[in-house]
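Colleague: Chain by chain, the residues run as shown.
Protein chains: 2
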Amino acid sequence: MTTAFIAVDWGTSSFRAAAMARDGAVLARVASGEGILKAAARGFEAVLFEEIAAIDAAGAPILLSGMIGSRNGWVEVPYARCPADAAALSAGAARMTVRGRALAFAPGLICDDESGRPDVMRGEETQIFGAVEGDATVVLPGTHSKWARFEGGRVVGFRSYMTGEMFAAMRHHTILGALAEGEADDAAAFADGARAGAADGALSHALFSARTMALTGRLSGRGVASYLSGLLIGAEIADGARRAGPGRPVVVVGEAGLAARYLAAGRALGVAMQAGPADAAFRGLARLAPSPGAVP
Amino acid sequence: MTTAFIAVDWGTSSFRAAAMARDGAVLARVASGEGILKAAARGFEAVLFEEIAAIDAAGAPILLSGMIGSRNGWVEVPYARCPADAAALSAGAARMTVRGRALAFAPGLICDDESGRPDVMRGEETQIFGAVEGDATVVLPGTHSKWARFEGGRVVGFRSYMTGEMFAAMRHHTILGALAEGEADDAAAFADGARAGAADGALSHALFSARTMALTGRLSGRGVASYLSGLLIGAEIADGARRAGPGRPVVVVGEAGLAARYLAAGRALGVAMQAGPADAAFRGLARLAPSPGAVP
Numbered sequence: 001m002t003t004a005f006i007a008v009d010w011g012t013s014s015f016r017a018a019a020m021a022r023d024g025a026v027l028a029r030v031a032s033g034e035g036i037l038k039a040a041a042r043g044f045e046a047v048l049f050e051e052i053a054a055i056d057a058a059g060a061p062i063l064l065s066g067m068i069g070s071r072n073g074w075v076e077v078p079y080a081r082c083p084a085d086a087a088a089l090s091a092g093a094a095r096m097t098v099r100g101r102a103l104a105f106a107p108g109l110i111c112d113d114e115s116g117r118p119d120v121m122r123g124e125e126t127q128i129f130g131a132v133e134g135d136a137t138v139v140l141p142g143t144h145s146k147w148a149r150f151e152g153g154r155v156v157g158f159r160s161y162m163t164g165e166m167f168a169a170m171r172h173h174t175i176l177g178a179l180a181e182g183e184a185d186d187a188a189a190f191a192d193g194a195r196a197g198a199a200d201g202a203l204s205h206a207l208f209s210a211r212t213m214a215l216t217g218r219l220s221g222r223g224v225a226s227y228l229s230g231l232l233i234g235a236e237i238a239d240g241a242r243r244a245g246p247g248r249p250v251v252v253v254g255e256a257g258l259a260a261r262y263l264a265a266g267r268a269l270g271v272a273m274q275a276g277p278a279d280a281a282f283r284g285l286a287r288l289a290p291s292p293g294a295v296p
Numbered sequence: 001m002t003t004a005f006i007a008v009d010w011g012t013s014s015f016r017a018a019a020m021a022r023d024g025a026v027l028a029r030v031a032s033g034e035g036i037l038k039a040a041a042r043g044f045e046a047v048l049f050e051e052i053a054a055i056d057a058a059g060a061p062i063l064l065s066g067m068i069g070s071r072n073g074w075v076e077v078p079y080a081r082c083p084a085d086a087a088a089l090s091a092g093a094a095r096m097t098v099r100g101r102a103l104a105f106a107p108g109l110i111c112d113d114e115s116g117r118p119d120v121m122r123g124e125e126t127q128i129f130g131a132v133e134g135d136a137t138v139v140l141p142g143t144h145s146k147w148a149r150f151e152g153g154r155v156v157g158f159r160s161y162m163t164g165e166m167f168a169a170m171r172h173h174t175i176l177g178a179l180a181e182g183e184a185d186d187a188a189a190f191a192d193g194a195r196a197g198a199a200d201g202a203l204s205h206a207l208f209s210a211r212t213m214a215l216t217g218r219l220s221g222r223g224v225a226s227y228l229s230g231l232l233i234g235a236e237i238a239d240g241a242r243r244a245g246p247g248r249p250v251v252v253v254g255e256a257g258l259a260a261r262y263l264a265a266g267r268a269l270g271v272a273m274q275a276g277p278a279d280a281a282f283r284g285l286a287r288l289a290p291s292p293g294a295v296p
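Just so you know, the sequences run in chain order Y and D. The first sequence begins at 1 in this note's numbering and counts up one residue at a time. The second sequence begins at 1 in this note's numbering and counts up one residue at a time.
Hints are supplied without guarantee of correctness; some may be wrong.
Computed beta-carbon distance windows for the label pairs [stated by the list, open to error]: (1) Y:Arg-71 to D:Glu-183: 22 to 32 Å; (2) D:His-172 to Y:Asp-112: 27 to 37 Å; (3) Y:His-172 to D:Gly-33: 23 to 33 Å; (4) D:Gln-274 to Y:Gly-152: 44 to 54 Å; (5) D:Gly-33 to Y:Arg-29: 55 to 65 Å; (6) D:Ala-272 to Y:Met-96: 53 to 63 Å; (7) D:Arg-218 to Y:Gly-152: 23 to 33 Å; (8) D:Ala-21 to Y:Gly-270: 55 to 65 Å; (9) Y:Ala-188 to D:Thr-2: 53 to 63 Å; (10) D:Ala-54 to Y:Ser-115: 45 to 55 Å; (11) D:Arg-95 to Y:Arg-218: 26 to 36 Å.
If the Cβ cut is set under 10 Å, some of the chain D residues that face chain Y in the computed set are [as the list claims (entries may be wrong)]: (12) Trp-147; (13) Tyr-161; (14) Met-166; (15) His-173; (16) Leu-176; (17) Ala-196; (18) Asp-200; (19) Ala-206; (20) Arg-211; (21) Thr-216; (22) Ala-238.
Keep in mind that the hints were calculated from the coordinates and are not lab data. These numbers come from a predicted model, not from an experiment. Every residue gets a Cβ at the ideal spot worked out from N, C-alpha and C, and that includes glycine.
If we strip away everything but chain Y, and leave its shape as in the complex, we get (with noise of 0.2 Å):
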C-alpha cells in the first residue's frame, strides 16, 4: 500500500511518528526521545523531517495531535469545546505549509466539569477517536489521567486526575518516601492500596493510611510505593466508574504496563475494563481526516 500521509502523535517527552495507508492501516513507524521540551532547542522543523526520514513519502501531508499543538510547542491550536465529534476536530485544526507539505495540528479539547470549572486535554482527543467507535468511557492513564465519555460519535465530555503527578510527588516528597523501600512491583499491597483509595471518599485522608499501615506492620516497607500507585489509581477509578455511563464498555488506552495495573486495580475493585487497541493515536489522526481525498 501507497503512503497517504504521516501521523506523527508528539507529545512533551516523546515522539512517535507512522506512515499510514489511506484505510488507517500503519505501514512503518518511528520513535524517539524527541519530544516537544527536547526538541524545541533544535527547532521543530528541523527534527520533525529529521525524525520522519526514514518513513516519509514525497509530498504526504503531515497529521500531528499532542503538545507539539500547545503553548510551548510549534503552534499553539485553540482548544475545540465539547461535545466534538471528528469534524469538529478538523476544523478546529491548525494548518500550515512547510518545505512544500500540508502540516495539520490537532486542537486539544476543552469541557467544563460539574462545577464550571475548565478542563482540558490535548493529545488524548485524538487517541479516543483512535480507541473506539460505539458509546464507551475511554480511561487514558497518565501524569494527568483523563475519563472522557464517547456518545454518538462525539466526546461529549471528561474530567482529567492528577493521579501520576501526585504518585511521583507524595513518593519523593513526603514522609511516605520514606517509609518505602524499593519500587518492587507488589500485586497484593497493590490490590490493597486500590480498595483503599476506592473505599474512602477523602483522598487526603487515605493517603495516610500509607503511613499508618507501615507503622503497623500490615504494609511491608517493600510495598509501601505499590500501595500508594494502587491508592491513587483506585480513588480514580471509583470516581470516574462512578460516574461513566451504566452497561457502557470502560476502555483503558495507554502504554501497555500502565494500562495493566489499571486493569488490575479494576479488578480489584470489581470494575470491568478493557485494553483499548495499539496505536490509537495514529488511528485517531486517520480518522480526523475530513475525507480520503481530501487529507488533511
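Dock chain D against the given chain Y, drawing on the hints supplied.
Modeller: Chain D only, in chain Y's frame:
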C-alpha cells in the same frame, strides 16, 4: 503561685515549655527551634534541662507530649487506643526518673477508620484535652491535620488528612508550582479554592482545576498558591464537617495563622467553626496529671 509541674510540648521541629500552676495556669514559658530532629544530636536530656533552665523549679515533675514520645524521640510510648479519656492517657504514659526528676511522656492515640485501617496521632491528643471539656469536634490543622470527635470526656475517634504535606508537595513538585507566582495571600482565590475542593468529591480531579483555571485566565499566577491551599483545606473541611456530630461545636486548635485560614475556609463553605484556646498542649498536660496531689 508556685510551680506544680513543668509542661513540655516537644515536636519534630519545635520545643515549647511552661512552668504550670496546680490549677493549670501558665506561670512562665520558653520556646525554641530545638525540635527532636535537631535535639537528637545533642541528646534529649541535655537539651531538655538547658531549654527549661530559665523557668525550672527544683523537684517539679516534668510532663511531656508530642513526637518526643515517638520512635525517633527519647522513648517510644505505645499508642493508647480510642476511645480514651484523660485517665487512659495518664495510665499509658511512660515514666522515668532523670537527674532525680520524675518525667512522664504522654502516649499517642490510635484508632481504626471506617474501613478498618489504622490512624494515629502523637501530641494532638494532649491538645484535645486542653482545648475542650464538653462534646465537640476538634480540628488540629497541620502537616497531617486531625479531626477528632470528643464525647463524654473521651476521644472516641479521629481522622488524619495529609493536607499540609500535600500542599508542599503539590506546590513545589508538580506542574502547579510552575504556574504559581509567589506566595502572596489572595483571600478571594483561597475562598474559591476552598469551594472547589469541597464541591468535588475527587481531590485528584479538583486539584487539576488549579492548572486549568490559571490556563484559562480565571485565576492569576499570584493566586495559584492560595487557590491550592484553599482547595486542600476545603476538601478536608467538607469531609470532616460531614462526619462531625450535628449541633456540636467545631473547635480549631493550632498556630494562629493556620487556624485563621481554616476559619476563613469554614466561612467560605458555610461551616461554623470556632477558635480554640491558646496553650492547649500545656492545658492538656495539666489534665493528664491524675490528680493535683499525684502529679505526674
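Colleague: Does each hint fit the structure? Answer for all of them.
Modeller: Hints versus structure:
Range check, Y:Arg-71 to D:Glu-183: Cβ separation about 24 Å, and the 22 to 32 Å hint holds. Distance hint for D:His-172 and Y:Asp-112: a CB-CB separation of about 29 Å, consistent with the stated range 27 to 37 Å. Between Y:His-172 and D:Gly-33 the Cβ separation comes to about 26 Å, which falls inside the hinted range of 23 to 33 Å. The given range of 44 to 54 Å is respected by D:Gln-274 and Y:Gly-152, whose C-beta atoms sit roughly 52 Å from each other.
Distance hint for D:Gly-33 and Y:Arg-29: a CB-CB separation of about 58 Å, consistent with the stated range 55 to 65 Å. Take D:Ala-272 and Y:Met-96: their Cβ atoms lie about 58 Å apart, and the range 53 to 63 Å holds. Judged by the Cβ atoms, the range 23 to 33 Å given for D:Arg-218 and Y:Gly-152 holds: they are separated by roughly 30 Å. A beta carbon spacing of about 60 Å between D:Ala-21 and Y:Gly-270 agrees with the range 55 to 65 Å that was offered as a hint.
The beta-carbon spacing between Y:Ala-188 and D:Thr-2, approximately 59 Å, falls within the hinted interval of 53 to 63 Å. At roughly 53 Å, the beta-carbon separation of D:Ala-54 and Y:Ser-115 lies within the given 45 to 55 Å, and the hint holds. Under the hint 26 to 36 Å, the C-beta atoms of D:Arg-95 and Y:Arg-218, about 29 Å apart, fit the expected range. Checking D:Trp-147 against chain Y: minimum C-beta separation of about 9 Å stays under 10 Å; hint holds.
This hint holds: D:Tyr-161 has a C-beta 4 Å from the nearest C-beta of chain Y, less than the 10 Å allowed. The criterion of a C-beta within 10 Å of any C-beta in chain Y is met by D:Met-166, whose closest approach is roughly 6 Å, and the hint holds. Taken as an interface hint, D:His-173 checks out: its beta carbon lies about 4 Å from the nearest beta carbon of chain Y, inside 10 Å. With a least beta-carbon distance of about 8 Å to chain Y, the hint placing D:Leu-176 at the interface is held under the 10 Å criterion.
With 10 Å as the threshold, the beta carbon of D:Ala-196 comes within range of chain Y, its nearest partner Cβ sitting at about 6 Å, so the hint holds. Checking D:Asp-200 against chain Y by beta carbon gives a least distance of about 6 Å; that is within 10 Å, so the hint holds. Interface hint status for D:Ala-206: upheld, as the beta-carbon distance to the closest one in chain Y is roughly 8 Å, under 10 Å. Taking 10 Å as the C-beta contact cut-off toward chain Y, the hint placing D:Arg-211 at the interface holds, the least distance being around 8 Å.
Given the 10 Å rule on beta carbons, the hint for D:Thr-216 holds: about 5 Å separates it from the nearest Cβ of chain Y. With a least beta-carbon distance of about 8 Å to chain Y, the hint placing D:Ala-238 at the interface is held under the 10 Å criterion.
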